[in-house]
Amino acid sequence: MTVRVDDSPQRLRRRPIRGTGGRTAALFLTPFFLVFLVAMIAPVIYAIGLSLFAERRSGLGFGGAEKVFVGLGNYADVLASETFVAGFGRLALYCVLYVPTLLCVALALALLLDAAVAKARRLFQVLLFLPHAVPGVIAALIWAYLYTPGVSPIVSALASGGIQVDFLSVHLVLPSMVNVAVWEWAGYNVIILFTALQAVPREVLEAARVDGAGEIRAALAIKAPLIGPALGVALLFTIIGSLQLFTEPKILSTATTAVTSTWVPNMWAYDAAFNRNNLPQAAAASIVLALLAGALSWVVSHLTSKGGTR
Amino acid sequence: MSATVAASPRTTDGAAVVRPPTPAGRHRTRRPRRRLGATLGTNGILVVGAAYMVLPLLWLVFATTKDASTLYGASVFTPGGSFVANLQRLLAEDGGIFLRWLGNSILYAGAGALVAAFISLLAGYAFDKLAFRGKSALYSTVLVGVLIPNTATVIPLYLLAASVGLTNTMWAVLIPAFCNPFSVYLARVFSSGYLPDAVLEAARVDGAGPVRSFLSVGLPMLVPGFVTIALFQFVAIWNNFMLPLIMLQDRSLFPTSVGIFLWQSQVQQNPEYSPLVIAGSFLSIVPLVVAFVLLQRFWRAGLAAGSVK
Chain A
1 MTVRVDDSPQ RLRRRPIRGT GGRTAALFLT PFFLVFLVAM IAPVIYAIGL SLFAERRSGL
61 GFGGAEKVFV GLGNYADVLA SETFVAGFGR LALYCVLYVP TLLCVALALA LLLDAAVAKA
121 RRLFQVLLFL PHAVPGVIAA LIWAYLYTPG VSPIVSALAS GGIQVDFLSV HLVLPSMVNV
181 AVWEWAGYNV IILFTALQAV PREVLEAARV DGAGEIRAAL AIKAPLIGPA LGVALLFTII
241 GSLQLFTEPK ILSTATTAVT STWVPNMWAY DAAFNRNNLP QAAAASIVLA LLAGALSWVV
301 SHLTSKGGTR
Chain B
1 MSATVAASPR TTDGAAVVRP PTPAGRHRTR RPRRRLGATL GTNGILVVGA AYMVLPLLWL
61 VFATTKDAST LYGASVFTPG GSFVANLQRL LAEDGGIFLR WLGNSILYAG AGALVAAFIS
121 LLAGYAFDKL AFRGKSALYS TVLVGVLIPN TATVIPLYLL AASVGLTNTM WAVLIPAFCN
181 PFSVYLARVF SSGYLPDAVL EAARVDGAGP VRSFLSVGLP MLVPGFVTIA LFQFVAIWNN
241 FMLPLIMLQD RSLFPTSVGI FLWQSQVQQN PEYSPLVIAG SFLSIVPLVV AFVLLQRFWR
301 AGLAAGSVK
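Protein chains in written order, with the UniProt record's numbering: chain A, 1 to 310; chain B, 1 to 309.
What the hints contain is simulated information worked out from the structure, not anything from laboratory work.
Don't take every hint at face value.
Unchecked claim - Covered stretches of chain A, going by a simulated chain B footprint (3 or more residues, C-beta under 8 Å): (1) 28-38; (2) 41-55; (3) 160-171.
Said to hold, decoys possible - Across the chosen pairs, the derived CB separations fall in these ranges: (4) Leu174(B) - Ala116(A): 45 to 53 Å; (5) Met221(B) - His171(A): 54 to 62 Å; (6) Pro196(B) - Leu172(A): 37 to 45 Å; (7) Arg217(A) - Gly81(B): 51 to 59 Å; (8) Leu143(B) - Lys119(A): 35 to 43 Å; (9) Val290(B) - Ala116(A): 46 to 54 Å; (10) Ala295(A) - Lys135(B): 35 to 43 Å; (11) Gly134(B) - Lys67(A): 35 to 43 Å; (12) Gly96(B) - Leu220(A): 52 to 60 Å; (13) Tyr139(B) - Ala295(A): 18 to 26 Å; (14) Ser265(B) - Gly49(A): 43 to 51 Å; (15) Gly95(B) - Ser81(A): 39 to 47 Å; (16) Val84(B) - Ala92(A): 43 to 51 Å; (17) Ser265(B) - Leu220(A): 41 to 49 Å.
Every residue, glycine too, gets a C-beta built ideally from N, C-alpha and C.
Bound-form chain A, shown alone (with noise of 0.2 Å):
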């Protein structure tokens, strides 16, 4: 770490703590940068470094695999893979159908909880979020215990009205998944926004009222806009946080044979390292899917951030 002190004259006077600056900043910085790199920089740098090789085993599989340089091999083989491809067109689909249902939901609770009328709102708002402190895995199983015909009340309702569904079969099982993930977010989406709307003025919204706006049309055309920033928040990390799809997807393969073991990209690379022990072909995997993901949410973020700054 390379931090030093900036003295210039003007600088010390603006800032309020003075005659600190570099050593001290060392101080406070290096527990975090050390961890960061340990934890994210060397792995990255590391499974790059590793994604250029590939281990061939010498012609009748005597002695040891030894390592050869291949270049972008792996990274031309992960792409060329049915299965990768396959498994990022789910992944994309899932992000497709989760990502608007999600905020729509949202942001549909937020505004109802924010309306003059709503009553009990700290009730509602621990109810909603209650699936917040439920682990992923435990959301996951209730769920796959919920779509098991013979266990699950939804079915065995839906059946008694004469709607037969198999919510686990391969054409239903991603809607299914988006449903959890839908579940367990919702809620903590549902404050982010309903705090962000508590900060709207309400000169604002009087404003609207004596203009002849109803509840609904201040909703939609005065609120909702104005909160146009914490939306934005609330996307970026549903973006982000759909595409880290593994958990459900993993847990729901041990309920149903729709889900396969190369299902989406990180199970695929999952498969690829530990059921294929093919580990430069799984460190690819995974940086090709780090670096579509952070180039998305870059370009998210700064679509978000310019609307924000409106």
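Position chain B against the provided structure of chain A, taking the given hints into account.
Relative to chain A, chain B alone:
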């Protein structure tokens, strides 16, 4: 958001104090019925939303009282008689390994949250209050860290840990838990919100050095921020599944999430594992639900701070 819109003259006479405001005269006659409809509609939808959140948890509570045969078939929201038997079996299974998993979860999440919150607070404080060269470049690095999904670094972490022989140790789970760039971001927001520059200036005038003024003035004022950051980190570590699943092979090192998954993956062959999975799930969310209800003030503060850009 600094939308300081001038209130129209008609509303300035004290209307802002009353909420909802008195409607203009011509609306008064048809107001009550519309209000009743709006009240029922709004609260009705909120009740449906709350039911969607709560019913699956309620199902889990009732399922914990049933044995493997009544779980399949019997009516859902009637309690069975096996609650105590299920918990006893859970705590006895495999030599009482579930308590060990619970202990591991508490250790990983507790130690991880305390250390991560403290080092994030130090860094957030430095980014907010200290002047040093390279500040914006370093802070950008932190923000890049926020943007990379955690799971994308799990396999690289495993590869690195394997190369130094750290897999299948608790350090493989703990060290990554110490690092959360988003906590640094939160800490910076808290530092600028809770800790006025003037207070630190006063400490400096009194002759306190930078470290002293942080420890004796800054830290006490940042305690609510510390609790909030630690709470969120605790939940994040407790919920983490992919990292411990990949890092640990020795089942006595598992946290509850991986342990329960291990049992769940045997349910297909042996349905007798179902009550274990359900009772284990139930027991492992009780502490979190209690913590969330008791620490409401802190998660509200965290979510409010997190939505500031």
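Exercise for the section: For Val84(B) and Ala92(A), compare the CB-CB distance with the range 43 to 51 Å and indicate the outcome. Expected result: 48 Å, holds
Practice task
Evaluate the given range 43 to 51 Å for the C-beta pair formed by Ser265(B) and Gly49(A).
Solution key: With Cβ atoms ~33 Å apart, the hint is violated.
Exercise for the section: Using the Cβ atoms, figure out if Met221(B) sits within 54 to 62 Å of His171(A). Expected result: Taking Cβ atoms as reference, Met221(B) and His171(A) lie about 55 Å apart, which means the hint holds.
Handout entry: Three-residue Cβ test at 8 Å for the coverage of the region 28-38 of chain A by chain B
Key = It holds: at least three residues are needed, and the region 28-38 of chain A offers 8 whose Cβ sits within less than 8 Å of chain B.
Problem - Status of the given 35 to 43 Å range, CB of Lys135(B) versus CB of Ala295(A) - result: This hint is violated: roughly 25 Å between Cβ atoms.
Practice task
Hint says 51 to 59 Å; check whether the CB-CB distance for Arg217(A) and Gly81(B) agrees.
Solution key: About 54 Å separates the Cβ atoms of Arg217(A) and Gly81(B), which means 51 to 59 Å holds.
Practice task
Evaluate the given range 45 to 53 Å for the C-beta pair formed by Leu174(B) and Ala116(A).
Solution key: 49 Å, holds
Practice task
Confirm or reject the claim that Val290(B) and Ala116(A) have a C-beta distance inside 46 to 54 Å.
Solution key: 33 Å, violated
Handout entry: Range hint 37 to 45 Å (beta carbons of Pro196(B) and Leu172(A)) holds or violated
Key = Cβ of Pro196(B) to Cβ of Leu172(A): about 55 Å, so the range 37 to 45 Å is violated.
Practice task
With respect to the beta-carbon atoms only, verify the hint that Gly96(B) and Leu220(A) lie 52 to 60 Å apart.
Solution key: 56 Å, holds
Exercise for the section: Between the region 41-55 of chain A and chain B, see if three or more residues pass the 8 Å beta-carbon test, and mark the coverage as holds or violated. Expected result: Holds: 6 residues of the region 41-55 of chain A have a Cβ under 8 Å from chain B.
Handout entry: Pairwise beta carbon distance, Ser265(B) to Leu220(A), judged against the given window 41 to 49 Å
Key = Once the Cβ atoms are compared, 46 Å apart, the range 41 to 49 Å for Leu220(A) and Ser265(B) holds.
Violated hints, listed in ascending order, are 3, 6, 9, 10 and 14; each of the other numbered hints is respected by the structure.
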